[in-house]
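Single-letter residue listing:
Number of protein chains: 2
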Amino acid sequence: MKTAKGKKQNRAAQRKPVRPAPKKTDTKFVYSFDEIRLAERAAGSWDGVRGLLGGKGANLAEMTKLKLPVPPGFMVTTEACNAFLAAGGKVPKGMWEQVLKAVAALERVTGKKFGDTANPLLVSCRSGAKFSMPGMMDTVLNIGLNDEVAAGLARLTGDERFAFDAYRRLVQMYATVVLDVPAKPFEALLDRYRTRRGVWNDAELPAEDLKAVTAEFKQIVEEHAHRPFPMDALEQLRLATMAVFRSWNGKRAHDYRKAAGIPHDLGTAVNVVAMVFGNLGADSGTGVATTRNVTTGENELEGDFLMNAQGEDVVAGTRKTLPIAELERLMPRADKELKRIARILEQHYREVQDIEFTIERGKLWMLQTRDAKRTAQAAVRLAVDLAKEKLISKEEAVRRVRPEHVDYFLHPQLDPAARSAARDKGALIATGLNVSPGAAIGQIVFDADAAEHWAQRLNKKVILVRPETRPDDVHGMLAAQGVVTSRGGRTSHAALVARQFGIPTVVGVVSLEIDIERRQMRTAGGQVLKEGDWLTIDGGTGEVFAGEVETVVPDVTDPYLVELLSWADRFRRLGVWTNADYPRDAERARNFGAEGIGLCRTEHMFFEADRLPVVQSMILARSAEERAGHLAQLLPMQRADFVGLFKAMDGLPVTIRLIDPPLHEFLPNRDELQKAITELETRLRLKDGDAAALEAELRAKRKLFDSVEAMREQNPMLGLRGVRLGIHMPELVRMQMRAIIEAACACAKKGIKLKPKIMIPLASTSNELKVQRALLEEEARAVLKEQRMKVPYQFGTMIEVPRAALIADRIAEYAEFFSFGTNDLTQTTFGISRDDAETGFLSEYLHKGILERNPFATLDQTGVGQLMEIGVKLGRQRRKGLEIGICGEHGGDPASIAFCHRAGLDYVSCSPFRVPVARLAAAHAALDGTKDRR
Amino acid sequence: MKTAKGKKQNRAAQRKPVRPAPKKTDTKFVYSFDEIRLAERAAGSWDGVRGLLGGKGANLAEMTKLKLPVPPGFMVTTEACNAFLAAGGKVPKGMWEQVLKAVAALERVTGKKFGDTANPLLVSCRSGAKFSMPGMMDTVLNIGLNDEVAAGLARLTGDERFAFDAYRRLVQMYATVVLDVPAKPFEALLDRYRTRRGVWNDAELPAEDLKAVTAEFKQIVEEHAHRPFPMDALEQLRLATMAVFRSWNGKRAHDYRKAAGIPHDLGTAVNVVAMVFGNLGADSGTGVATTRNVTTGENELEGDFLMNAQGEDVVAGTRKTLPIAELERLMPRADKELKRIARILEQHYREVQDIEFTIERGKLWMLQTRDAKRTAQAAVRLAVDLAKEKLISKEEAVRRVRPEHVDYFLHPQLDPAARSAARDKGALIATGLNVSPGAAIGQIVFDADAAEHWAQRLNKKVILVRPETRPDDVHGMLAAQGVVTSRGGRTSHAALVARQFGIPTVVGVVSLEIDIERRQMRTAGGQVLKEGDWLTIDGGTGEVFAGEVETVVPDVTDPYLVELLSWADRFRRLGVWTNADYPRDAERARNFGAEGIGLCRTEHMFFEADRLPVVQSMILARSAEERAGHLAQLLPMQRADFVGLFKAMDGLPVTIRLIDPPLHEFLPNRDELQKAITELETRLRLKDGDAAALEAELRAKRKLFDSVEAMREQNPMLGLRGVRLGIHMPELVRMQMRAIIEAACACAKKGIKLKPKIMIPLASTSNELKVQRALLEEEARAVLKEQRMKVPYQFGTMIEVPRAALIADRIAEYAEFFSFGTNDLTQTTFGISRDDAETGFLSEYLHKGILERNPFATLDQTGVGQLMEIGVKLGRQRRKGLEIGICGEHGGDPASIAFCHRAGLDYVSCSPFRVPVARLAAAHAALDGTKDRR
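Note that the protein sequences, when read in sequence, are chains A and B.
Numbering-wise (the working numbering), the first sequence opens with residue 1 and increments by one.
Numbering-wise (the working numbering), the second sequence opens with residue 935 and increments by one.
Hints were generated in silico from the structure; no laboratory data involved.
Hints may contain errors.
[Stated by the list, open to error] Once the Cα atoms are required to be at most 20 Å apart in a straight line, the calculated SDA-like pairs of lysine to any residue come out as:
| id | chain 1 | residue 1 | chain 2 | residue 2 |
| --- | --- | --- | --- | --- |
| 1 | B | Lys1621 | A | Thr682 |
| 2 | B | Lys1609 | A | Leu673 |
| 3 | A | Lys675 | B | Ala1021 |
| 4 | B | Lys1635 | A | Thr682 |
| 5 | A | Lys687 | B | Thr1616 |
| 6 | B | Lys1621 | A | Leu673 |
[To be verified] One-sided excerpt, in silico: chain A residues whose CB lies under 10 Å from chain B:
| id | residue |
| --- | --- |
| 7 | Thr321 |
| 8 | Leu322 |
| 9 | Ile324 |
| 10 | Ala325 |
| 11 | Glu326 |
| 12 | Thr682 |
| 13 | Arg683 |
| 14 | Thr765 |
| 15 | Lys770 |
| 16 | Leu825 |
| 17 | Gly831 |
| 18 | Asp836 |
| 19 | Asn854 |
| 20 | Ala857 |
| 21 | Asp860 |
[As the list claims (entries may be wrong)] Have a look at the derived ranges for each label pair, beta carbon to beta carbon:
| id | chain 1 | residue 1 | chain 2 | residue 2 | range |
| --- | --- | --- | --- | --- | --- |
| 22 | A | Ala524 | B | Lys1704 | 49 to 55 Å |
| 23 | A | Ser420 | B | Ser1557 | 23 to 29 Å |
| 24 | B | Asp1449 | A | Arg622 | 19 to 25 Å |
| 25 | B | Arg1452 | A | Ala691 | 19 to 25 Å |
| 26 | A | Arg702 | B | Gly1466 | 47 to 53 Å |
| 27 | B | Gly1360 | A | Lys687 | 42 to 48 Å |
| 28 | B | Ser1551 | A | Glu844 | 20 to 26 Å |
| 29 | B | Arg1518 | A | His254 | 36 to 42 Å |
Using N, Cα and C, we set each Cβ at its ideal position, and we do this for glycine too.
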């Protein structure tokens, strides 16, 4: 009943609403704290109890059951609230009678009485919904005070200041919460008194002032609300209860629920609790704590307290709090009790608790307990510790750590306090797409060469800022701490490269006007930043700050994380592979736990500075011999690439995708050529310069332009690429195949274990595969014959257009493995060009709620997923046990990984920096798989 | 058994091969012409009989059964052939014995004897496969002649010339066919004799020459084949039979079968027929005829004959033939007999026959009959006539007319003879994509304005030749007889407009180098054509001819065609609608039989010259008010468009698609702007002209360029278009909706019956439809309220991306009808951009056989069709009886229409000029639907 509580919140949306039953007069609307067993019977489960009584109340009752020191009290149910709201603000029949009985019981237990001047009962009246909505609803403290009772309390405690301070607080809260009187006149009045006394703090006001303040407060109430502050305690309670009910539909609460995805029909409960006071002297105090350190995860109480103070004072921050460790020295008995209770609570809830307590004249009272929020770092350590202490199982520990917790360890992070401060002072100058997490600080540079120069020669930290990046910017990106682009989407060149290398990056920052010529950029707010100015970015949130914002650097070798992931590995069924193009990526990914390479994009190698000219010449070759010459130059380079990969992945599978992008991506920029031509033409016409020289240059440019133009496509995404290219220019893929097999032979000779998997991209018919595979096998056989060796290899294909999925049985005829290329599959299934859409209508769709999620970030299970399921079914129908993976960006996304698990894939492949995240997500998928949650 | 013969050929591929059974010695390998009933028993069906005995033999046997005068003879089966080939050239056991028996029988029947000098039996030995392979296999005539028999024959006929002419023919044919002696030495020898005698024709050579020739021929045989010409008649027959068998695997026959799609394992039969001679004097002759006129379809014998000649002479064309009508005068008895036989054959085969006959001394012999090939015009008339004569049913008449026959009536056509002649003389200068059928002749012009000017002012016929066309070229296209572009695919702008208006057009003629500046174009062969030169194009074949090629103009109001289509309408289930943007298209389509508009592309109206500037200003508007102003200008124009359509389609459904293409299609050309900017920048730098003026112009151009650039997309096909645009710029579709409903109200007031169907394009999620429909309905309600009227209207969507089909149930929630946009659906399902691919890798794929058919011409049933089936199923699952159509180019393609019928669509919508074709194809689909042919 009490395990797996972390998940309850997630299932909020599925919960059946607690509907009011206003006609049934015998409905139990009020439960005292010691009636939790009755509530359990009524509500059926712990989840039901929380729904009925609210989280706060349910936990107070639970603590009462555990015989922990909770002040007596009772709860009015959410059912009562819903009935009240449904009836347009009418308390349901029988409720008030039950409240009166509960008050009477409270009087019996405490020996105090409402309105009794000799021994008055004071209570708090607080909202308490099923899910915590911090600060979103209302509270009234000190109910029960009136002129006489306040005087009596002063006598009883011998502390007039205390009594009238409590009274004026009641009047103030009552006025604002119940009667909607604005807060301002009260504050102004207090301010006047403080000024008069020359003090900073209300606590320093003498009793007589507080008495006078209270009287004036009551006048303010009467002026604004046109009725007096009620002197009757029960009337105070009745109106406060109704105000709490009403607060459920307040704008603040409504907006919060909308943002947090909490249903609007849950209603709030009302908690009525006998007041205890931490401000009754040096043996009193109040505090908040977590049962362990929720920042670091260390096993020690963490929190703050104040001597002789009320709870609000801790929160308000008007007095400096003491660390909880001090409690042992100052109040050793209370400290011991607190630690005992913390242990009991952790044992009971099997989770670290966030508690509130008050010490009234030496006696410790528990006012709240709930599961504690925590940092990513703490989440990991707490999960591991609790499992080792056998409080929870290892499965549960794995479940409790969220993928974003793991991600945290992989990148530098902005210091949370520094981030808030930067936001507050207006340093947040723009926001874009959060495509590659981590924080980065550096000086702005506006081109790749400058980035490299500043970083390597001048030893500066730089942020590369560009309208967009191109393959020849990669050296600058690698030299930079982070990258910002004003254009491009989640899968733009910048985004892909950034994720590949774990470079913190924000793209599509459309509000930045970048002026490369003038080496500056202008923000939407009109601020101008120049080259060399400092910039801080958060690739995890998409924020861009002017100036330097402090960062913290977590560590992926954190022993707790390592242990937790090793547990995750035990539970998952999905393999976790990586997308890696270079040996250095492969090594990193392997360190992160990758079990193979699911995608090596061979064309990335073509963009390297020393190769691009050869590649261009090869593409533009006018004859087969000329092309063969250039390919011969590329062969040893590609071979060396593969040797490096095979070495790095010794013993693990390496999937190599043959060239995929359209050839014009490698060619010079068409616009620039056109500009150059027009300029030359104009100069020639105006006779500016030597005509012969101009003409010669013009001829050369025109020739190049014509070649580029001939390869230009309307929709390159749907053009001559992938296997189409392999069929169109067979000598190119032959070279690649030769490089693979020659590399394999060289490695095999050195005892490296390998099994290259050759992946043919973008097939939409089985004939393409048939033809291409035959060609490649011919080349492979030729190489093996030359080398007099045998090495195993496999052919497979990417399923990345709908037709391939729809005819997967025919495709499987020629493919020994499948890998879903879900980036392209999403583009073609939706008919959406991600490059254009992500900074365009797609963000409009997300904003307008037409799409719930960006389908390029989280797999669209309904459409794309359906095709994947068809593909898996047909593929395995033709070829039993066909190995199937995914190598789109979705391979690193937890929700998509869960789908891949359910769809029966064998592995996911993601960028190196997502590997640890994927390991955890895959374990979650397997653990959740026991019940089908589709 | 004998009906529906037209279809047998189609099913060749499905036929089980007749496998040889060489071990079974009791296999019957030889059938005499009067044994057809035995063959029927053995083969089981008429199709089987043709398979076993070959088409020619089966028909000869069939005529024998009909007691028509067929020379006696027998057939060696295809089984024997297959056994022979399978055994590596060994005659199967028992075959030869059966041949000998058949020869003996032949001798009995004819009273002649092989090798008998007094009364010799001569036979022909001919191949005869199941399907006619004209000229592809071999024939040996006059078998049975040798030195003695020839002398005997000379005595017997009293015609030495005849006897030795027959003998030398045997030697010559035997040598080339059986012994593979080259033909050249024989021809050379004859040539020598002709020269010596000073004659042109072998027939003029005297007997003594032919005797000498024969002798020399035999020497040539011996020299080349190293063995003598055999004197034994049976040996001649044996070797000739084996040669015919072998010819089945000859290169010529193999290539022909490959091209014609005839299976290679059918084998050929051998027909051995007693010779009859048409060259025995003035009472002899030979001829070919069709039982009706297969050019016009008129009910009269049509053909040619020669008096005193052999069959070869008719075919060789060395003597001028006489029209068959002359036969009545020259040989009235034979003519009467021929007409009687023609009637019997038509009655028997229920089809017009193509026959060969010989008259030997007054007696008519039938040598061949087969179904006659015919022109499109004749096909239609023959089908109608035969049905009216009750020879065939109306269903059968509809089946017999092929869609391309109907298409013929819609467009001018090249005269076949003139086309051949033009090809022969090298006038065929290029070939491109045949995107809009019909022939056109005109003078070349290189721009749209010139086209209009020449055509309208100078009253010239022009062909517009452009690298590609853009919306502002339409006036030139409409003024031209035909259009040629060097770029663009089957669905390029030029192709779409051309089909829309029935303009004969060839696009993607990549071999033409068009030089607009110099007003000329260069062919691959180096020929240069200048503006004003004459050009002839055939949009049905994609051929481009230099000069004028004669055309013929058929007529769509041909009464036979009208009647046939009215029968077709009775049989079809599919509705036939049309894609029409303008009232004039709608009217034409309605005349052609369209039953509704399935697609009106509203954006085409935006391209009209008077509207484009308003549209551009609207798109570039900087504020909502500014945009509203431009939209207000467009509203009355759009309203008028719709009024026109509703009037034209009174009583029929009109489907109006809201704006679909990306907005940048309406904007000025980006390249030109960039050029202008660069030029201005250069001039400014070089101080060429007034700096202030240049700067002002530069600013204006830059501003426009920036706007165009901001709307530019990497892959516009997958970009901001369709419903995405409607959501992004709601005021635009609101204007369109207002125009539709206002037009509907105006028409309804005039008593026009209408039901506008508003079609929302490119939805990939149901939310898009939900949101867009709500917006449009709001506008519609507002208009109806203003007008105080009610008119019915419906909302539907195009299913044109895979996801829409996959979630069709959700889509149907908001769509009251579906229309499959199979152009885009094919693009997205394959991941192929048709614009780029059709002149690129797609043609490579078709050429290499990777794709069997262009999926943009004929629907890909396996992939795209699968999605359509899913869409139909899910759509109707959600909304019972949901109306579903297709409006892609495939809606006019017969094979695709057949699929649409089977998939359960309600209608197809195609361009006006395809409507009659679609009506017939839909009837075919329904008639074929009785058996499922999938």
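Comparing the hints with the structure gives:
1. B:Lys1621 <-> A:Thr682: holds, 12 Å
2. B:Lys1609 <-> A:Leu673: holds, 11 Å
3. A:Lys675 <-> B:Ala1021: violated, 72 Å
4. B:Lys1635 <-> A:Thr682: Holds - the C-alpha atoms of A:Thr682 and B:Lys1635 are around 17 Å apart, at most 20 Å.
5. A:Lys687 <-> B:Thr1616: The given pair, whose Cα atoms are some 12 Å apart, holds under the 20 Å limit.
6. B:Lys1621 <-> A:Leu673: violated, 23 Å
7. Thr321: With Cβ-Cβ at 49 Å, over 10 Å, it is violated.
8. Leu322: violated, 54 Å
9. Ile324: violated, 50 Å
10. Ala325: It is violated, given that the least Cβ distance between A:Ala325 and chain B is near 54 Å, above 10 Å.
11. Glu326: With a minimum Cβ separation of about 56 Å from chain B (threshold 10 Å), the hint on A:Glu326 is violated.
12. Thr682: Nearest chain B Cβ about 4 Å off; hint holds.
13. Arg683: holds, 6 Å
14. Thr765: Since chain B brings a Cβ to about 6 Å from A:Thr765, closer than 10 Å, the hint holds.
15. Lys770: Where the cut-off is 10 Å and the nearest Cβ of chain B is about 8 Å from A:Lys770, the hint holds.
16. Leu825: Result: holds, 9 Å to nearest chain B Cβ.
17. Gly831: holds, 3 Å
18. Asp836: holds, 4 Å
19. Asn854: With Cβ-Cβ at 13 Å, over 10 Å, it is violated.
20. Ala857: violated, 16 Å
21. Asp860: holds, 8 Å
22. A:Ala524 <-> B:Lys1704: 49 to 55 Å: violated, 32 Å
23. A:Ser420 <-> B:Ser1557: 23 to 29 Å: Violated - the Cβ-Cβ distance for A:Ser420 and B:Ser1557, about 38 Å, lies outside 23 to 29 Å.
24. B:Asp1449 <-> A:Arg622: 19 to 25 Å: Holds - the Cβ-Cβ distance for B:Asp1449 and A:Arg622, about 21 Å, lies within 19 to 25 Å.
25. B:Arg1452 <-> A:Ala691: 19 to 25 Å: Given about 21 Å between the Cβ atoms, the range holds.
26. A:Arg702 <-> B:Gly1466: 47 to 53 Å: violated, 28 Å
27. B:Gly1360 <-> A:Lys687: 42 to 48 Å: holds, 45 Å
28. B:Ser1551 <-> A:Glu844: 20 to 26 Å: For A:Glu844 against B:Ser1551, whose Cβ atoms are near 23 Å apart, the range 20 to 26 Å holds.
29. B:Arg1518 <-> A:His254: 36 to 42 Å: Violated, since B:Arg1518 and A:His254 (Cβ atoms, about 58 Å apart) do not stay within the stated range.
When each numbered hint is compared with the structure, violations occur for hints 3, 6, 7, 8, 9, 10, 11, 19, 20, 22, 23, 26, 29.
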